[in-house]
Amino acid sequence: MTAATAPAAAPRAWRVPWPAGPARLLRIELRRSPMPWMLPLLAVLFWLSAYRMAMNNPPFWNIRSATLQANAMLVFAPLLAGACAWAGSRDGRRGLTDLVGVTAAPRWAAQLATWAAATIWAEALYLAGVAVLYGVTAHQGAWGGPLWWPVAVGVAMIAASCAFGFAAGLLLASRFTAPLAALLVFLALAGGAFAIQDNVRYARIWPLSVQGPFPTNSYGIFYPYLPDLAIAQVMFLAGLTAAALGATGLPAAAGGRWLRAAAAAVTVAGLAAAGTAVGLAGTARVEAHGIVIPALHDAASDRPVPYTPVCSRSAVPVCLQPAYRSYLPAVTAALGPVLGPLAGLPGAPARVTQVAVTSVQSAQSNGIGFGGPVISGRPPVLYLPLSGLSLPGEGNVSVAQFTSGLRQQYGPSIVNELVGLPPDEAVGADVASTDAVPDARHAAQIAVARALDQIMDLTEVGGGSPARSGAGGAAGSGAPLLARQEAAASHRFSALPAAGRHAWLATHLAALRAGRITLSEIP
Amino acid sequence: MNVEVAGVTRRFGRTQAVAGVDLEAGPGVLGLLGPNGAGKTSLLRMLATVIPPSSGTLRLLGRDPRGYARRKEIRRRLGYLPQNLGYYPGFTVAEFVEYFALLKEMPPAWIPGAVTAAIERTGLADQARAKLRTLSGGMLRRAGIAQAIVNDPDLLLLDEPTAGLDPEQRVAFRALLRDLGERATVVVSTHLVEDVGAACGQVALMDAGRIVFHGTPAELTARADGTDAAGDAPLERGYSAVLAAARAGAGARS
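Protein sequence lines, in the order shown, are assigned to chains Z and W.
The opening residue of the first sequence carries number 1203 in this note's numbering; numbering runs sequentially from there.
The opening residue of the second sequence carries number 496 in this note's numbering; numbering runs sequentially from there.
Because the hints were derived from the structure by calculation, they are not lab data.
Be careful, since some hints might not be right.
Take a look, some chain Z residues computed to stay more than 10 Å from chain W by CB distance [to be verified]:
#1 S1251
#2 R1296
#3 V1302
#4 A1333
#5 F1396
#6 A1397
#7 Y1425
#8 P1426
#9 P1519
#10 V1583
#11 S1592
#12 G1622
#13 T1720
#14 S1722
Chain W stretches covered by chain Z per the calculated footprint, using a threshold of three residues with CB under 8 Å from any CB of chain Z [stated by the list, open to error]:
#15 559-568
#16 572-581
#17 592-600
#18 727-741
Cβ coordinates follow ideal geometry from the N, Cα and C atoms, glycine included.
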């Protein structure tokens, strides 16, 4: 039979059962993806950027999860974008475009299998890292449970950066596409980080933004982790992923008309989702314990997390949130020298209770005010937020440094509270900015407070109290008369025997607090 | 007819690669001969549905490839080996062939057997688990042939399939071509006249984008009779004679 005379062969009807075909395709792609070659490098970078950083912080779930979202992503995302761009440009680089272009399966489906394989490897490594970090955190006895929303943002970020890189590699196949994609993603992340710092309204959507400008010992411990921002971020990243993958299905070679229409719809839907998420982020507001997006907010998340505090057996019991259990001895040791001499005085704290760090967004960007210690209630309770302090184990902070820092930062404030000086709003405030002119209305209170500071060895930073620093700084021979009198009263009072001081304070503290004691009445 | 080509042209910018080709082919092996730049690869790429014609009509396996659904049906029954075979260096031979079997939408249950058969037919059974990056040029070519025949195609298009094969493999490959041509339409583009003589029932000779001869190898050989055409073998002399006549403006066609 010759080629000119034979009839056309009868068509064979092949039907591919779902999902056997795609599953086998994915299996091959998984086996031959270039991503496993990247895994050692990614593992090292994860250790450097996330694990090591997390271990330099206390075992709080919120801190550990924040490193998984922000630190890890800063190094993961650009590398994965580059690696996936390399995978995406594979057919173009290898001269396989013709060969794979004339196969029956929609090109888009095969390309998605390649992307999926690369992404699965990257996600597997990331989740393995999460498992290790969370496992170690649990082993360290962290209170509460792991936070999964930051992990979800990380997972979505990996998928998005890989999709972006893959689309870039596919649509602009070149050996330079991979490094360019990595560089672009890095610049985008860095630019986003700067925008977050500048408090650009919509920048919170950027996945490096964890929970707003909050101290990490606030959210997720005293109050539930607010997932509002994370939900918007996942929505944004999922939208970008869909848009990028949809774009790979738009070229004529990707498939038939209906398939390309579906790809276009996926692209549009992805862009719409990402745009909606950005819009939602624009409505976010910083509240006391997290970022609230009204459309996504669940009011139930505003209720404090119930817990049974852990308390010391000291004369003045110190009670902490159980997440801080390991710091109880240090906090008790730090406050003992301050609270001991004051014990039994009217208005002196009978107990110390740790409270959440409260923070309120001011009109200025990132203007967050952290509340200091407050004495209130009957019997009086010292409500103590452990804000602005590095905990032992955080970086190179030792227990001794923590104890000293806590006493010197909060001691003067506690004394202030007791003697009725205006609340020390500036724990750690810039002393140089305070008014150096002594205040006659509070002269006696300042003198007594200064004396107590000296007795309790709080003088190092005792000047943290604006009023006391002003008077003390002006007590030299050339100082105003009031300042000299105030200093003299302070010296007199500090020279008293402890029992005498305590007895005088027990009798006169109420009057001192009310401003009815003059400098000359101080013994 | 598995291949029906009528008045097909293809331009690349100002270059006319294919200038009005008419061709019909049913089951059997058709050799596509011609000098460099004659338009063989462009014609083969159109037959493989890689590129559409600029003008003219094309029907493959009884279908018009312009519609996506029809094109997809054609592609399921098509085998194609491009002139410059790209490959995934990290894939093994078996994975490479299986990968294309999957892309050709073969039923998964058939794939293991089909992959095995294709690899054995191309003499690569011992290298089935070898990574492609470790293979010689000739072995890579055979892996390319294996992926082309894995779906037992009704239309097999091979562009320079014997390039890089050693003599023993070329002999075996010609036998494979004859075997495949028993049922399918096989179009082989080549420079090697002896391949055509040994394996092809029909031969088409292209020059300057046109088919200047279409007939049997014996008819091509006969064209040299009475001429002083150059060539070591009778078929080569026929080839030279037809080309010379075509270039002299005779427009020789069978």
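Evaluated hints:
1. The Cβ of S1251/Z sits about 28 Å from the closest Cβ of chain W, beyond the 10 Å cut-off, so the non-interface label holds.
2. Some Cβ of chain W comes within 10 Å of the Cβ of R1296/Z; the nearest lies about 4 Å off, and the non-interface call is violated.
3. Its closest Cβ contact with chain W, about 6 Å, brings V1302/Z to no more than 10 Å, contrary to its assignment away from the interface.
4. At roughly 28 Å, the least C-beta separation between A1333/Z and chain W is larger than 10 Å, which holds for a residue marked as non-interface.
5. Listed as outside the interface, F1396/Z is consistent with that label: its C-beta sits roughly 39 Å from the nearest C-beta of chain W, beyond the 10 Å cut-off.
6. Against the 10 Å criterion, A1397/Z stays outside the reach of chain W, whose nearest CB is about 40 Å from its own CB.
7. The beta carbon of Y1425/Z is kept farther than 10 Å from every beta carbon of chain W, the shortest such distance being approximately 50 Å.
8. P1426/Z, annotated as away from the interface, keeps every beta carbon of chain W farther than 10 Å; the closest lies near 47 Å.
9. Every beta carbon of chain W lies more than 10 Å from that of P1519/Z, the smallest distance being close to 66 Å; the non-interface claim holds.
10. A cut-off of 10 Å between C-beta atoms confirms that V1583/Z is not in contact with chain W; the least separation is 67 Å.
11. The claim that S1592/Z is not at the interface with chain W holds, since no C-beta of that chain comes within 10 Å of its own (minimum 49 Å).
12. The Cβ of G1622/Z lies farther than 10 Å from every Cβ of chain W, with a closest approach of about 77 Å, so its non-interface assignment holds.
13. No beta-carbon of chain W comes within 10 Å of the beta-carbon of T1720/Z; the shortest separation is about 89 Å.
14. S1722/Z, annotated as away from the interface, keeps every beta carbon of chain W farther than 10 Å; the closest lies near 91 Å.
15. For the segment 559-568 of chain W, the proposed coverage by chain Z is satisfied: 4 residues have a C-beta within less than 8 Å of a C-beta in that chain, meeting the threshold of three.
16. For the segment 572-581 of chain W, the stated coverage by chain Z holds: 7 residues have a C-beta nearer than 8 Å to a C-beta of that chain, and at least 3 were required.
17. For the segment 592-600 of chain W, the stated coverage by chain Z is satisfied: 7 residues place a CB nearer than 8 Å to a CB of that chain, which reaches the threshold of 3.
18. Remark: the segment 727-741 of chain W is not confirmed as covered by chain Z, as 0 of its residues place a Cβ nearer than 8 Å to a Cβ of that chain, below the required three.
The structure fails hints 2, 3, 18 (numbered hints given earlier, in ascending order).
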